[in-house]
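With the hints as extra help, turn the sequences into a complete structure.
Chain residues, written in single-letter form:
Protein chains: 2
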Amino acid sequence: MTISDSSSTALTHVDAVIEARWVVTVDSNKRLLEHHSVIVKDAVIMGVLPTALARLKYAASSWVCLDEHVLIPGLINLHTHAAMSLMRGIADDLPLMQWLHEHLWPAERAVVDRHYVKDASLLACAEMLSGGTTCFNDMYFYPEATASAVGQAGMRANLGLTVLEFPTHYASDADDYLQKGFEAHDSWRGNALMTSSIAPHAPYTISNQTFEKVLTYAEQLDLGIHTHLHETLDEIAQSHAQYGMRPMQRLAELGLLGPNLVAAHGVHLLPAEIEILAEFGCHIAHCPTSNLKLTSGIAPVAALLDRGVNVSIGTDGAASNNRLDMLSEMRLAALLAKGASMDATTLPAHQALEMATIKAAKALGLEEKIGSIEMGKQADMVAVKLSDFAVSPCYDPVSHLIYTCGREHVTHTWVAGSLRYCNGVYANIEPIELKEIIQAWQPKLKQYKH
Amino acid sequence: MTISDSSSTALTHVDAVIEARWVVTVDSNKRLLEHHSVIVKDAVIMGVLPTALARLKYAASSWVCLDEHVLIPGLINLHTHAAMSLMRGIADDLPLMQWLHEHLWPAERAVVDRHYVKDASLLACAEMLSGGTTCFNDMYFYPEATASAVGQAGMRANLGLTVLEFPTHYASDADDYLQKGFEAHDSWRGNALMTSSIAPHAPYTISNQTFEKVLTYAEQLDLGIHTHLHETLDEIAQSHAQYGMRPMQRLAELGLLGPNLVAAHGVHLLPAEIEILAEFGCHIAHCPTSNLKLTSGIAPVAALLDRGVNVSIGTDGAASNNRLDMLSEMRLAALLAKGASMDATTLPAHQALEMATIKAAKALGLEEKIGSIEMGKQADMVAVKLSDFAVSPCYDPVSHLIYTCGREHVTHTWVAGSLRYCNGVYANIEPIELKEIIQAWQPKLKQYKH
Numbered sequence: 007m008t009i010s011d012s013s014s015t016a017l018t019h020v021d022a023v024i025e026a027r028w029v030v031t032v033d034s035n036k037r038l039l040e041h042h043s044v045i046v047k048d049a050v051i052m053g054v055l056p057t058a059l060a061r062l063k064y065a066a067s068s069w070v071c072l073d074e075h076v077l078i079p080g081l082i083n084l085h086t087h088a089a090m091s092l093m094r095g096i097a098d099d100l101p102l103m104q105w106l107h108e109h110l111w112p113a114e115r116a117v118v119d120r121h122y123v124k125d126a127s128l129l130a131c132a133e134m135l136s137g138g139t140t141c142f143n144d145m146y147f148y149p150e151a152t153a154s155a156v157g158q159a160g161m162r163a164n165l166g167l168t169v170l171e172f173p174t175h176y177a178s179d180a181d182d183y184l185q186k187g188f189e190a191h192d193s194w195r196g197n198a199l200m201t202s203s204i205a206p207h208a209p210y211t212i213s214n215q216t217f218e219k220v221l222t223y224a225e226q227l228d229l230g231i232h233t234h235l236h237e238t239l240d241e242i243a244q245s246h247a248q249y250g251m252r253p254m255q256r257l258a259e260l261g262l263l264g265p266n267l268v269a270a271h272g273v274h275l276l277p278a279e280i281e282i283l284a285e286f287g288c289h290i291a292h293c294p295t296s297n298l299k300l301t302s303g304i305a306p307v308a309a310l311l312d313r314g315v316n317v318s319i320g321t322d323g324a325a326s327n328n329r330l331d332m333l334s335e336m337r338l339a340a341l342l343a344k345g346a347s348m349d350a351t352t353l354p355a356h357q358a359l360e361m362a363t364i365k366a367a368k369a370l371g372l373e374e375k376i377g378s379i380e381m382g383k384q385a386d387m388v389a390v391k392l393s394d395f396a397v398s399p400c401y402d403p404v405s406h407l408i409y410t411c412g413r414e415h416v417t418h419t420w421v422a423g424s425l426r427y428c429n430g431v432y433a434n435i436e437p438i439e440l441k442e443i444i445q446a447w448q449p450k451l452k453q454y455k456h
Numbered sequence: 007m008t009i010s011d012s013s014s015t016a017l018t019h020v021d022a023v024i025e026a027r028w029v030v031t032v033d034s035n036k037r038l039l040e041h042h043s044v045i046v047k048d049a050v051i052m053g054v055l056p057t058a059l060a061r062l063k064y065a066a067s068s069w070v071c072l073d074e075h076v077l078i079p080g081l082i083n084l085h086t087h088a089a090m091s092l093m094r095g096i097a098d099d100l101p102l103m104q105w106l107h108e109h110l111w112p113a114e115r116a117v118v119d120r121h122y123v124k125d126a127s128l129l130a131c132a133e134m135l136s137g138g139t140t141c142f143n144d145m146y147f148y149p150e151a152t153a154s155a156v157g158q159a160g161m162r163a164n165l166g167l168t169v170l171e172f173p174t175h176y177a178s179d180a181d182d183y184l185q186k187g188f189e190a191h192d193s194w195r196g197n198a199l200m201t202s203s204i205a206p207h208a209p210y211t212i213s214n215q216t217f218e219k220v221l222t223y224a225e226q227l228d229l230g231i232h233t234h235l236h237e238t239l240d241e242i243a244q245s246h247a248q249y250g251m252r253p254m255q256r257l258a259e260l261g262l263l264g265p266n267l268v269a270a271h272g273v274h275l276l277p278a279e280i281e282i283l284a285e286f287g288c289h290i291a292h293c294p295t296s297n298l299k300l301t302s303g304i305a306p307v308a309a310l311l312d313r314g315v316n317v318s319i320g321t322d323g324a325a326s327n328n329r330l331d332m333l334s335e336m337r338l339a340a341l342l343a344k345g346a347s348m349d350a351t352t353l354p355a356h357q358a359l360e361m362a363t364i365k366a367a368k369a370l371g372l373e374e375k376i377g378s379i380e381m382g383k384q385a386d387m388v389a390v391k392l393s394d395f396a397v398s399p400c401y402d403p404v405s406h407l408i409y410t411c412g413r414e415h416v417t418h419t420w421v422a423g424s425l426r427y428c429n430g431v432y433a434n435i436e437p438i439e440l441k442e443i444i445q446a447w448q449p450k451l452k453q454y455k456h
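Chains A and B, in that order, give the protein sequences. Every position in the first sequence, counted from 1, becomes a number in my numbering once 6 is added. Every position in the second sequence, counted from 1, becomes a number in my numbering once 6 is added.
The list that follows gives simulated cross-link-like pairs (lysine-lysine, PhoX-like), each with its CA atoms no further than 25 Å apart:
(1) K186(B) - K219(B)
(2) K36(A) - K452(B)
(3) K36(A) - K455(B)
(4) K36(B) - K452(A)
If you want the ones that stay clear, here's a sample from chain B, every Cβ over 10 Å from chain A, calculated:
(5) E40
(6) C71
(7) L72
(8) R120
(9) L170
(10) T222
(11) H246
(12) G250
(13) R252
(14) G264
(15) L276
(16) K368
By construction, these hints were calculated from the structure, which means they are not laboratory data. In this text, all values refer to a predicted model and were calculated from it rather than measured experimentally. Quick reminder that beta carbons are idealized off the backbone N, C-alpha and C, glycines included.
This is the structure:
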């Protein structure tokens with residue numbers, strides 16, 4: 007006879023009770039709770055209370071005991087191109103232009119279609135779920151195909167309605183991209199786990215006229231805007247030559263700066279530009295691995311944080327990372343911000359975790375819904391086991407999350423209260439099928455290898 | 007009936023045949039072999055040949071099939087303080103002096119004795135073996151206790167005979183440290199897996215007189231010297247104030263620069279100093295995580311490599327890393343060298359692997375014995391599985407080792423032909439015992455937590 011049977015009249019029935027050794031709420035009080043339980047019903051967090059009390063108050067369809075684990079909000083990858091997962095490691099250690107012209111772009115031209123994007127996005131979802139990522143902010147061709155993979159995996163995503171000027175297999179010109187984007191957007195409307203941003207690729211690939219259209223549509227449809235911004239010095243020089251100003255000034259003059267703008271990278275920023283980002287409430291998706299690997303530079307994270315800019319973290323695509331691993335990305339962000347600012351107090355562990363959770367939720371306009379473990383929020387949560395020798399002893403689970411853990415310590419990933427990944431097993435991804443998918447694409451891509 | 011039975015008269019009997027999908031030899035030809043086998047007898051690599059051929063020629067006591075794995079030389083951690091493992095994450099995100107004075111040093115004064123060092127070193131060995139490290143270059147108090155843990159774990163180590171001027175529980179003055187070091191050295195003499203360096207801690211803690219003694223003993227006993235050098239700007243300023251010159255110049259004048267010197271960190275180096283390091287054949291143990299985390303700075307790795315200085319990689323201690331994870335350290339070294347030099351061709355994947363294997367072996371004077379998979383060398387080897395979704399697809403196993411893999415993909419670690427770690431299981435470390443050891447020390451250290 008279980009506790010729930012012995013006094014069932016007095017017990018409240020819920021979907022799940024998750025008992026954890028530690029809960030890092032990432033709420034405004036930055037609480038680290040010990041021996042607490044999270045109560046989940048209808049995809050939502052009903053409460054967080056001491057486990058001893060939870061055992062007296064609740065009966066649950068699923069009761070999970072995580073005696074050696076820390077429970078954290080689901081990680082949010084604020085900038086990625088999920089469907090590049092099948093190009094992971096296809097070319098490295100090359101100058102950017104050689105990498106793009108000789109490897110990445112030819113590979114994309116050869117393989118990218120709806121099927122490729124669906125398959126590659128499913129691989130990306132598998133990788134992300136097993137590493138504790140519950141939501142990602144994407145930009146790629148055929149977003150409806152990414153949506154299909156996201157739907158299968160049971161993740162949350164904000165999908166970019168990608169816009170370019172030049173023709174690809176996907177679309178012929180900016181208007182065609184926009185139209186295809188809106189059709190895609192309609193296809194996932196009503197899905198509670200999916201939202202959209204318009205995603206004009208970058209200032210160097212988008213005309214003023216198209217940016218103006220993007221702005222109009224974003225206002226009309228109440229959508230976010232997701233773009234690359236000030237990633238490289240080349241991009242800035244090119245903008246000077248073509249427009250007589252830096253890309254950010256151009257976006258400012260076009261009226262694109264605002265709290266619905268997520269700017270990926272933000273590596274090269276003048277103090278006045280940091281000021282403007284803060285004033286307009288823009289969000290930066292900091293991508294430290296990609297910035298180092300492609301020699302874009304080191305973003306001025308300490309200065310951005312000092313000025314109060316909302317900085318979150320992205321992996322970028324697997325072709326330039328080569329992981330979609332938010333634990334590893336948080337670690338690098340925290341280390342690099344210290345080394346670059348020469349101040350060891352820069353980007354402490356809890357702040358790195360905020361950047362990958364609540365701050366990213368804010369950047370997506372979802373801070374009321376996800377990003378922390380609080381009553382009323384969606385139950386997007388991750389359990390990380392802190393008992394292996396490599397993470398022992400544990401004096402501070404938040405320090406361990408950032409500096410010590412790897413994604414291998416993630417044991418459970420819930421999205422909207424549903425357990426989507428647990429100890430190597432996915433709820434809706436069949437490993438043998440996904441292996442076959444990877445094996446089918448690999449020979450087609452291999453010829454573009456460095 | 008097996009192949010070995012069917013034609014046993016024609017077969018050569020060996021200890022082990024390890025079949026691998028890929029073998030990265032890290033020899034002078036930088037060979038990447040596919041479907042090859044490594045033949046091991048009496049701790050030594052007898053040959054590397056196509057698996058089809060190996061099956062015809064050999065019978066083995068142990069025949070290991072690694073169909074999805076890359077086999078690499080054992081990783082060598084060129085700078086660590088293994089016994090700081092029990093202080094992992096005890097204090098982070100603090101300025102160096104506060105970190106040392108308020109947390110690390112009080113903790114060390116309270117707990118460090120022979121038992122602590124033995125126990126903490128065993129935890130470090132467990133972590134390192136499971137992450138593919140077969141050998142480490144250590145510096146800490148009570149090296150005979152570290153040797154005892156290393157002996158139990160069955161690893162290889164070069165142990166520092168630590169020298170300081172000031173009294174600790176371990177020793178009273180420089181002469182006492184030296185004497186205790188030589189006694190320790192004698193205790194592991196004859197052990198084929200252990201070697202020694204004299205380890206004067208750093209120019210800012212060691213007098214000229216003591217450095218002179220260290221030099222004399224190192225020459226007499228044919229030992230290496232392991233020291234910290236140019237880790238921080240403070241250290242350089244202090245040396246200017248006290249000696250009227252930079253630490254490296256002081257070491258040069260004292261005659262300490264030479265091919266038996268391993269200098270940890272080397273963060274702040276003038277072009278002329280890089281020139282001198284190259285000329286004298288000194289070795290740098292680059293510690294990128296620790297240098298970022300403690301805001302020491304970013305070492306000029308591209309310039310060092312350009313000038314031909316032998317640069318290897320160390321994790322430093324777990325109090326400032328907080329991992330003893332050479333895969334993660336190689337990745338950061340490769341990424342950071344690119345970002346700092348703004349040249350994406352800097353420190354390509356194979357070179358990062360060399361730094362953690364053959365170049366580290368050279369730094370320890372062991373390049374004839376370890377550091378590559380070649381006939382006649384000790385069978386220190388690691389298998390890394392490249393079939394998980396997070397490392398799929400695989401176009402280039404060397405790229406994956408550096409940019410994509412985590413230590414969780416290490417499946418087998420051999421030291422001198424003996425399998426010391428395999429899929430979570432250690433040959434000589436009992437997990438429950440080690441857990442109890444950790445649990446016994448944690449409460450004693452907890453009070454020094456940040």
